[in-house]
Each structure stands twice: as structure tokens, then as C-alpha cells.
Amino acid sequence: MSEWSAKVREYFPDVALNKASVEKIGLSDKPIPSYVVDWLVSRYSAEDELDINALNTFIAKYLPDKTRKEEIKHRLMEGGKVKLLDSLKVAVNLAKGEYDAELSAIGFTGLKIPPGMVKANPTLLYSDVWGQVELSYRINEETSRGEVWVENFNIMQTGEVDLDYIIDQRKYFTLEEWSDMLIASMGYDPEYYSFEQKIYMLLRLVPIVHPRVSIMELAPKGTGKSTVFSKLSRYVWLISGGRVTRAKLFYDMNRKTEGIIAFYDVVVLDEVQTIKFTDPGEIIGALKGYLESGEYRVMGHRGTAESGFVILANIQIGSDGFPVNKFILQELPDFMQETAFIDRFNGILPGWKLPRIEKKSLVSSGYVLRSDYLSEILYLLRKKAEYGDFVKSHLYSTGDIRDVRSVETISTGLLKLLYPDIDDVS
160 MSEWSAKVRE YFPDVALNKA SVEKIGLSDK PIPSYVVDWL VSRYSAEDEL
210 DINALNTFIA KYLPDKTRKE EIKHRLMEGG KVKLLDSLKV AVNLAKGEYD
260 AELSAIGFTG LKIPPGMVKA NPTLLYSDVW GQVELSYRIN EETSRGEVWV
310 ENFNIMQTGE VDLDYIIDQR KYFTLEEWSD MLIASMGYDP EYYSFEQKIY
360 MLLRLVPIVH PRVSIMELAP KGTGKSTVFS KLSRYVWLIS GGRVTRAKLF
410 YDMNRKTEGI IAFYDVVVLD EVQTIKFTDP GEIIGALKGY LESGEYRVMG
460 HRGTAESGFV ILANIQIGSD GFPVNKFILQ ELPDFMQETA FIDRFNGILP
510 GWKLPRIEKK SLVSSGYVLR SDYLSEILYL LRKKAEYGDF VKSHLYSTGD
560 IRDVRSVETI STGLLKLLYP DIDDVS
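Counting with the working numbering, you get residues 160 to 585 for the letters of the sequence shown.
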């Protein structure tokens with residue numbers, strides 16, 4: 160066991176996760192976020208022992224395979240209520256004036272959900288949200304057709320996190336040990352990466368740990384660009400492919416509702432070349448204003464948000480390991496190559512300097528922080544302003560104001576990650 164892994168076990172006993180236990184349950188091939196898997200393992204672990212039988216019983220009952228979908232339908236028709244652990248998503252059915260819901264893990268579609276539940280959980284309109292779902296079966300008196308209803312929904316939440324405790328434990332780790340612990344808690348084996356590559360990996364967390372950070376990552380396929388954003392935190396919204404509108408991002412004039420940028424800490428456009436933008440000029444115009452000031456305007460509506468913005472793009476890499484195109488942004492959609500747009504980003508992460516993800520590059524043993532716990536730490540650190548004040552008081556530059564702000568922003572994010580115990584930074 161590595162030194163940092165032993166320290167995680169010693170100084171974070173309540174939230175340390177044995178990755179060997181995660182490997183035992185065989186959920187790695189299912190589309191389940193890391194924070195859900197880690198929560199399950201920790202729920203059935205005591206004194207470093209995983210009760211695999213109890214966990215498998217829970218999974219069979221509340222997280223069943225899609226092959227058992229008809230069995231669950233039968234239970235509903237027999238009048239029983241069914242509770243599941245699943246990801247819920249809602250779509251607006253304008254023709255019927257109601258909401259349709261779906262559960263992705265079990266594969267249920269066309270579910271009915273009360274408007275009040277949607278109003279209480281507006282993020283359901285934008286992405287899948289993991290939680291405990293209770294279903295029931297009803298006969299519609301008007302149509303005499305059977306319907307499955309979402310009776311209750313409780314979002315998955317981590318128990319209370321003591322940020323001061325986390326900060327205090329930092330003193331027991333060296334810089335390298337702390338960074339290795341973070342990398343491993345993200346799901347990667349730190350032994351596989353150089354220190355420079357570890358910093359690039361941690362840069363992926365900066366938009367999560369600090370408000371309004373905007374970065375691009377350019378890399379070949381298979382370097383794990385989107386994995387951290389899709390698996391680690393429930394506060395991140397990721398879109399891969401599909402269609403994006405200004406209404407979806409910022410404000411929907413028809414529904415008079417805020418877009419996703421108002422509800423998530425980070426908005427990520429994955430494989431941006433595959434995404435369809437309904438009106439590129441309109442969206443880029445709104446984005447330029449938002450990236451500059453945190454403010455957006457749609458028609459007569461004015462809004463502000465703290466969400467970060469990340470663009471992930473695949474690019475061609477030559478045999479020398481560097482981008483084929485000298486102008487590295489050439490493979491982005493044309494409307495994203497506008498200088499005024501690019502200039503508003505805080506930085507470009509050179510993902511081509513990271514190796515492809517292989518089985519040996521994933522952490523499979525030792526102790527790490529639970530993903531759901533790490534996610535909450537990042538969420539709480541995000542609200543802390545003193546780190547930015549520290550950076551500004553120690554950074555002296557007369558350069559371009561946007562460049563200076565970008566350096567301050569990225570530095571503040573890394574400071575939160577690597578030295579949360581800011582009072583001990585000399």
C-alpha cells in the first residue's frame with residue numbers, strides 16, 4: 160500500500176473507500192456514476208469488510224438489470240409500489256400539456272410525473288438525476304388506459320461534510336501525496352502519470368471547484384476527457400451530441416424558465432464537433448457576454464450565473480505526439496474559432512500530453528476518498544472567496560487584463576485543490 164493510500168485510511172476513516180471492494184461488485188461496465196457506486200460500497204462496508212451478499216441483495220432489489228423490466232411491470236400491475244435507485248429525466252409533452260418521465264437504468268419510458276415534483280426539481284428537465292424513485296400503477300379514468308406514475312423522488316445526497324476537518328487533514332500529506340490522493344479519487348492510478356500530467360488531470364477539476372472557469376480541452380479520443388465530468392459530480396451537466404439552443408443554455412422565453420447554466424456548477428459540451436447548434440451566431444453572442452461578465456441577456460430577460468463552461472474536442476495527433484494542425488483550434492466548428500470568443504476562455508488544456516486511458520491507468524486497489532464525498536468537498540470549496548484574495552495579493556502583473564484574470568482564476572482553482580489549508584501556505 161502506498162504512503163498516501165495508508166494516510167487516506169488513517170486520516171479519513173469514515174469516507175475512505177477500498178477500491179478493491181469496488182472491483183468486486185462488477186458495476187464498472189454499467190452506466191452508473193462513480194458517486195453512486197462509491198455510495199453503494201460504503202453503505203455495505205464495515206471495518207474494511209464489504210458485505211457483498213447484502214450489497215448484491217440491495218442491487219437486485221433496487222437497481223435491477225433491464226432484463227427484469229417485465230417483472231417490475233408485473234409487480235406494478237398487481238397493485239404494488241416499486242422503489243428503485245435510478246436516474247430520472249423529464250420531458251415536456253406540449254400536445255398533452257403534461258410531463259413525461261423516463262428511468263434510464265431500468266429502461267422505463269412514458270412515465271407520468273406530477274407538475275409539482277418537476278417544479279421542486281427543475282434540473283430534471285435538463286439531464287438525468289440520480290435518486291430514489293417510487294412508482295405506482297394507475298388506470299386513467301378518462302382513457303381507461305394504464306399509466307405508471309412517479310409517486311416520490313429523492314435526489315441522492317451525501318451526508319453533511321465538515322470542510323474544516325478536510326482542510327485540517329491536509330497537513331498530514333506532502334504535496335505529491337495529496338495530489339496522488341486526488342488523482343486516485345478521480346479513478347486514475349497516479350503511478351501512471353508524470354507530475355506534469357497530474358496537474359493537467361487536476362485542471363479538469365478547476366471548473367468544478369471555482370466559479371465561472373471556462374476552459375477548452377483538445378485531445379485525441381480515449382484520454383478520458385469527459386469521464387471526470389460525467390461520473391464524478393452531480394453538479395455538472397454534460398451534453399454529448401444532440402442539439403443545443405440558446406433557450407436550453409440560458410433562458411426559455413416560451414416557458415419563462417432559466418436554462419441549465421442557472422442550475423449547474425459546470426456546463427460541459429463534449430465532442431463539440433458532433434453537437435448541433437440551432438443558431439450558432441445567437442448562442443456564441445450570448446456566450447461571449449456570459450464568459451466576460453457572468454451575465455446573459457435573452458430578449459428582455461437579464462440573468463446572472465456562476466456556472467463554469469467547458470468545451471471538449473477531439474483533434475488529430477501526429478506520430479510525434481503533437482497536433483497535426485499548427486492552428487490547434489482548426490478542428491473546432493467555424494463559429495467557435497472567432498478570436499473574440501476564444502479570448503474569453505481562461506485556458507486551453509493540452510490533452511494531447513496525456514496518455515490514452517488503459518486498464519492499467521485506472522486505480523483498482525488502495526484507499527481513496529469516496530467520489531460523492533470528494534464532489535461535496537469541491538462544491539463547498541467553490542464558495543470560498545479567500546483563496547482568490549490570496550492569489551491576487553501574491554500575483555503582480557501588468558499584462559493584458561484578461562490574461563491576468565485567467566492566470567488568477569486557474570491559480571485560485573489549483574490552490575483550492577492542492578492547498579485547501581491556505582493559512583499554512585508560506
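Treat the hints with caution; some may be incorrect.
To be verified - Within a straight-line C-alpha distance of at most 27 Å, the following computed DSSO-like cross-link-like pairs (lysine-lysine) qualify: (1) K278 x K248; (2) K380 x K255; (3) K183 x K240; (4) K271 x K232; (5) K183 x K225; (6) K512 x K357; (7) K242 x K278; (8) K518 x K183; (9) K242 x K220; (10) K183 x K242; (11) K166 x K330; (12) K166 x K183; (13) K248 x K228; (14) K435 x K248; (15) K447 x K435; (16) K330 x K447; (17) K415 x K271; (18) K407 x K447; (19) K248 x K407; (20) K220 x K232; (21) K518 x K330; (22) K166 x K357; (23) K435 x K407; (24) K380 x K519; (25) K330 x K183; (26) K518 x K255; (27) K519 x K551; (28) K543 x K519; (29) K542 x K407; (30) K519 x K542; (31) K248 x K518; (32) K357 x K232; (33) K166 x K415; (34) K519 x K357; (35) K357 x K435; (36) K380 x K232; (37) K271 x K220; (38) K255 x K271; (39) K166 x K435; (40) K248 x K232.
Bear in mind the hints are in silico, worked out from the structure with no lab data behind them.
Evaluation of the provided hints:
no., hint, result
1, K278 x K248, "holds, 13 Å"
2, K380 x K255, "violated, 42 Å"
3, K183 x K240, "violated, 31 Å"
4, K271 x K232, "holds, 14 Å"
5, K183 x K225, "holds, 21 Å"
6, K512 x K357, "holds, 11 Å"
7, K242 x K278, "holds, 21 Å"
8, K518 x K183, "holds, 16 Å"
9, K242 x K220, "holds, 8 Å"
10, K183 x K242, "holds, 25 Å"
11, K166 x K330, "holds, 11 Å"
12, K166 x K183, "holds, 23 Å"
13, K248 x K228, "holds, 18 Å"
14, K435 x K248, "holds, 21 Å"
15, K447 x K435, "holds, 18 Å"
16, K330 x K447, "violated, 41 Å"
17, K415 x K271, "holds, 22 Å"
18, K407 x K447, "holds, 16 Å"
19, K248 x K407, "holds, 15 Å"
20, K220 x K232, "holds, 14 Å"
21, K518 x K330, "violated, 32 Å"
22, K166 x K357, "holds, 19 Å"
23, K435 x K407, "holds, 13 Å"
24, K380 x K519, "holds, 17 Å"
25, K330 x K183, "violated, 33 Å"
26, K518 x K255, "violated, 48 Å"
27, K519 x K551, "violated, 40 Å"
28, K543 x K519, "violated, 36 Å"
29, K542 x K407, "holds, 25 Å"
30, K519 x K542, "violated, 35 Å"
31, K248 x K518, "violated, 31 Å"
32, K357 x K232, "violated, 47 Å"
33, K166 x K415, "violated, 50 Å"
34, K519 x K357, "holds, 16 Å"
35, K357 x K435, "violated, 33 Å"
36, K380 x K232, "violated, 39 Å"
37, K271 x K220, "holds, 22 Å"
38, K255 x K271, "holds, 12 Å"
39, K166 x K435, "violated, 47 Å"
40, K248 x K232, "holds, 19 Å"
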